[in-house]
Amino acid sequence: MAKLKDLTHKEDTLGSGHRLCPGCGASIIVNQLGRMSEAPMVVGCATGCLEVATTIYPYTAWNVPFIHSAFENSAATVSGMEAAYEALKSKGKIPADDKRNFVAFGGDGGTYDIGFQSLSGAMERGHNMTYVCYDNGAYMNTGMQRSSATPYGAATSTTPIGTHATAGKEEYRKDLTAVMAAHNIPYVAQASLSNWKDLMRKAEKAFTTPGPAFLNILSPCPRGWRTEPGDSIELSRLAVSTCYWPIFEVDNGEWKVNHRPKNKVPVTEFLKPQGRFKHLFAKGNEKVLAHVQEKIDHDWDQLLWKADFSKDRTAE
Amino acid sequence: MPKTVLKEVKNTPKAQQTAAALTGNSAVAMALKQADPDVVSAYPITPQTTIVEELAAYAARDHLKGKFVNVESEHSAMSSAIGAAAAGARSVTATSSQGLALMWEMLYIAAGLRLPIIMPMANRALSAPINIHGDHSDAMGARDTGWIQLFSEDAQEAYDNTLMSFRVAEHKDVKLPCIVNLDGFIISHAIARLDIMSDDDAGAFIGESSPTYGMLTDDHVETVGAFDGLGGFYFEFKRQQDEALQKAKEVLLDVSNEFAALTGRSYGLFEEYMLEDAETAIVVMSSAGGTTRVAVDKLRAEGKKVGMLKLRMFRPFPADEIAAAIGHCKAVAILDRSHGLAGTGGPMGDEVKAAMYHLDDRPECLNYVYGLGGRDVTVENIESVYSDLDSLDSATNSNTGFRYLNIRD
Ligand SMILES: Cc1ncc(C[n+]2csc(CCOP(=O)(O)OP(=O)(O)O)c2C)c(N)n1
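Residue numbers (the working numbering), protein chains in the order written: chain Y, 1241 to 1556; chain V, 287 to 695.
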């Protein structure tokens, strides 16, 4: 991996002037990944905060070729671009030694929900592209409605706090990273802005792996999470140390957990600073909080089990 | 590939042509292959399926050098076609019915981004009830999406329209996508005799594509599909888009003239058959045009002054040209192979009638809905329409409403 000093000299993928909120994870994700793309990037993006706030006509914040076509099809759109590139190369219209990284971005709504089929199809077809989900845990662009990535218990505008004992979202998140691993594509990883080196290594790996790669990156959203803009990276760190958002990768079918906290921090530490979970700390909701912790423990154990199974198998 | 090659056509004007017996779908697949597309993104649906299969077979045998993207849905077919076209590729797909319905959102985006994607469509009824046979409900659902739409009477015209569509769509003043319609089964699956151009001549006629954007070049960096909110230029974009669509008429005529010189087959925005002195006329599209022509010949032999306007270019709608061609008739029947389900009959009926509104001495009009779900339309059915026109009483005809043709009671 290149040295930090060299990386800082690289031009930002997303220039200044975009209108994403302070503390939004999405722009940081784009620029960090852009640093690791040695070849020029060609970007597609689903409808959502990232797209809307960066391409307000006649301006654009993108310093790389960028396309937005609709909400649910960033993967299919970029797959068409990649096919065009391969075809033009094979016809000699693009030099054979030309290199480019095709990258599709989508929020969790555009990825876990409405864009899931398009993503699944593009990954299965084996296009040489990287799909990046910036997971902020709800449809933020349209005002914080729940998605299948919204965590259990979170209050959103479509899972509002009502008069029920368990307020907020009553379903678990979809484990999309595992679902993508089940596509048996060459590289799948889950990463967090707090673990910078790990994130950068994963980006490089995704870009340089031939064939499809999927990255799921936690993207703090101060507006939707009801948190302070300055706390975004710290929240990312807590997400990892509580095992709410484990960082791991599935490299050619081998599961590896990239960070195993020595002392797992209680999940309440991650939940407490966030306004969307405030109601869970009200009297009478102790059981809900206990339940959230149980679920996280269970999922974490299962992940370790998968990784240990991979390790045993390769050791044999 | 042609199933049987009959014979060399005599008196070939300029292009090298061969007579072949092909289904409409094979003819269309042949034309698409001859256009040397860079990317084919497609998903199967009856009756379009064999177009996709034949393109896949061409690709597997290296007769098609582009990339074949076997997408998981039509929404992705159109999305992939959009990505490919935006990246500078010649981009094609094909569909029918439900497939087009699933693409609907993306049709507007392909046109709005000014991407000259070519899409043959084997027309089929829309569910429910599910029905796989030919009618124009699918095409009519896309009539205001900004796509150019051509309709074909037979396999020959479907082939010719497909070749010509590339020239029109990719023209620098147009840059819009185009649907080439052919009636499901009636044209898509029936084997017909037609003349096909040699690959070289077809390729030379179509020429190289010139991309709308340059997304794979390093000299400039473009953002495509930007957000254009309040205070933006959305309104002006739409105006420009409509102006480009209007241009397609003139470009189609130019391209058709060039094509006629090459092949001896000439086409306009529509065919005017025995219209000049016609007292009554039928306006129709696609395969029913052939049936109508037979009825016209029969009635003319009996001394009746009947004619037909067979529409080829449905979008942009050549309203003024249609009015000029049939405005002199006493009575006109407009035949719609789709139901508007608006309570007013078929969409063609509405549009043709509106096209003549400014005329001082307008023809009396009847609108018929026919052929839904593949229901046959016979020469006798068409004759009955001419006889309805004949006996039409201008004192009592309201020019509103519609009738059904060949429907069970
Ligand atoms: C087909 C369609 N349905 C709904 C919408 C409205 N819409 C636009 S963005 C969005 C939510 C995006 O959420 P997500 O993908 O999580 O990204 P974020 O806004 O959080 O960045 C919705 C529902 C749309 N544009 N298209």
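Don't read these hints as lab results, they were simulated from the structure. Just so you know, even glycine gets a beta-carbon here, dropped at the ideal spot from N, CA and C. Treat each hint with caution, since some may be false.
[What the hints assert, rightly or not] Straight line, CA to CA, 16 Å or less: simulated EDC-like cross-link-like pairs of lysine to aspartate or glutamate:
(1) Y:Lys1339 with V:Glu669
(2) V:Lys584 with V:Glu494
(3) Y:Lys1333 with V:Asp679
(4) Y:Lys1329 with V:Asp322
(5) V:Lys590 with V:Asp676
(6) V:Lys616 with V:Asp674
(7) Y:Lys1535 with Y:Glu1410
(8) V:Lys616 with V:Asp679
(9) V:Lys351 with Y:Glu1444
(10) V:Lys590 with V:Glu565
(11) Y:Lys1527 with Y:Asp1438
(12) Y:Lys1331 with V:Asp674
(13) V:Lys351 with V:Glu522
(14) V:Lys590 with V:Glu562
(15) Y:Lys1339 with Y:Glu1410
(16) Y:Lys1333 with V:Glu562
(17) Y:Lys1496 with Y:Asp1552
(18) V:Lys616 with V:Asp540
(19) V:Lys616 with V:Glu666
(20) Y:Lys1414 with Y:Asp1552
(21) Y:Lys1331 with V:Glu494
(22) Y:Lys1512 with Y:Glu1494
(23) Y:Lys1331 with V:Asp647
(24) V:Lys590 with V:Glu669
(25) Y:Lys1333 with V:Asp647
(26) V:Lys458 with V:Glu562
(27) V:Lys535 with V:Asp647
[What the hints assert, rightly or not] With beta-carbon atoms standing in for the labels, derived distance ranges:
(28) V:Phe523 with Y:Ala1336: 29 to 39 Å
(29) V:Trp390 with Y:Gly1366: 26 to 36 Å
(30) V:Thr686 with Y:His1423: 48 to 58 Å
(31) V:Arg347 with Y:Thr1382: 46 to 56 Å
(32) Y:Arg1259 with V:Thr686: 47 to 57 Å
[As the list claims (entries may be wrong)] Which stretches of chain Y does chain V cover? Using the computed rule of at least three CB atoms under 8 Å from a CB of chain V, they are:
(33) 1286–1296
(34) 1300–1309
(35) 1327–1339
(36) 1348–1361
Hints and how they fare:
no., hint, result
1, Y:Lys1339 with V:Glu669, "violated, 64 Å"
2, V:Lys584 with V:Glu494, "violated, 45 Å"
3, Y:Lys1333 with V:Asp679, "violated, 65 Å"
4, Y:Lys1329 with V:Asp322, "holds, 14 Å"
5, V:Lys590 with V:Asp676, "holds, 10 Å"
6, V:Lys616 with V:Asp674, "holds, 12 Å"
7, Y:Lys1535 with Y:Glu1410, "holds, 13 Å"
8, V:Lys616 with V:Asp679, "holds, 11 Å"
9, V:Lys351 with Y:Glu1444, "violated, 32 Å"
10, V:Lys590 with V:Glu565, "holds, 8 Å"
11, Y:Lys1527 with Y:Asp1438, "violated, 35 Å"
12, Y:Lys1331 with V:Asp674, "violated, 58 Å"
13, V:Lys351 with V:Glu522, "violated, 39 Å"
14, V:Lys590 with V:Glu562, "holds, 13 Å"
15, Y:Lys1339 with Y:Glu1410, "violated, 46 Å"
16, Y:Lys1333 with V:Glu562, "violated, 51 Å"
17, Y:Lys1496 with Y:Asp1552, "holds, 12 Å"
18, V:Lys616 with V:Asp540, "violated, 32 Å"
19, V:Lys616 with V:Glu666, "violated, 22 Å"
20, Y:Lys1414 with Y:Asp1552, "violated, 27 Å"
21, Y:Lys1331 with V:Glu494, "holds, 12 Å"
22, Y:Lys1512 with Y:Glu1494, "violated, 34 Å"
23, Y:Lys1331 with V:Asp647, "violated, 58 Å"
24, V:Lys590 with V:Glu669, "holds, 11 Å"
25, Y:Lys1333 with V:Asp647, "violated, 58 Å"
26, V:Lys458 with V:Glu562, "violated, 35 Å"
27, V:Lys535 with V:Asp647, "violated, 26 Å"
28, V:Phe523 with Y:Ala1336: 29 to 39 Å, "holds, 38 Å"
29, V:Trp390 with Y:Gly1366: 26 to 36 Å, "holds, 28 Å"
30, V:Thr686 with Y:His1423: 48 to 58 Å, "holds, 57 Å"
31, V:Arg347 with Y:Thr1382: 46 to 56 Å, "holds, 48 Å"
32, Y:Arg1259 with V:Thr686: 47 to 57 Å, "holds, 52 Å"
33, 1286–1296, "holds (count 4)"
34, 1300–1309, "holds (count 9)"
35, 1327–1339, "holds (count 5)"
36, 1348–1361, "holds (count 4)"
Hint violations for this structure: numbers 1, 2, 3, 9, 11, 12, 13, 15, 16, 18, 19, 20, 22, 23, 25, 26 and 27, all remaining hints satisfied.
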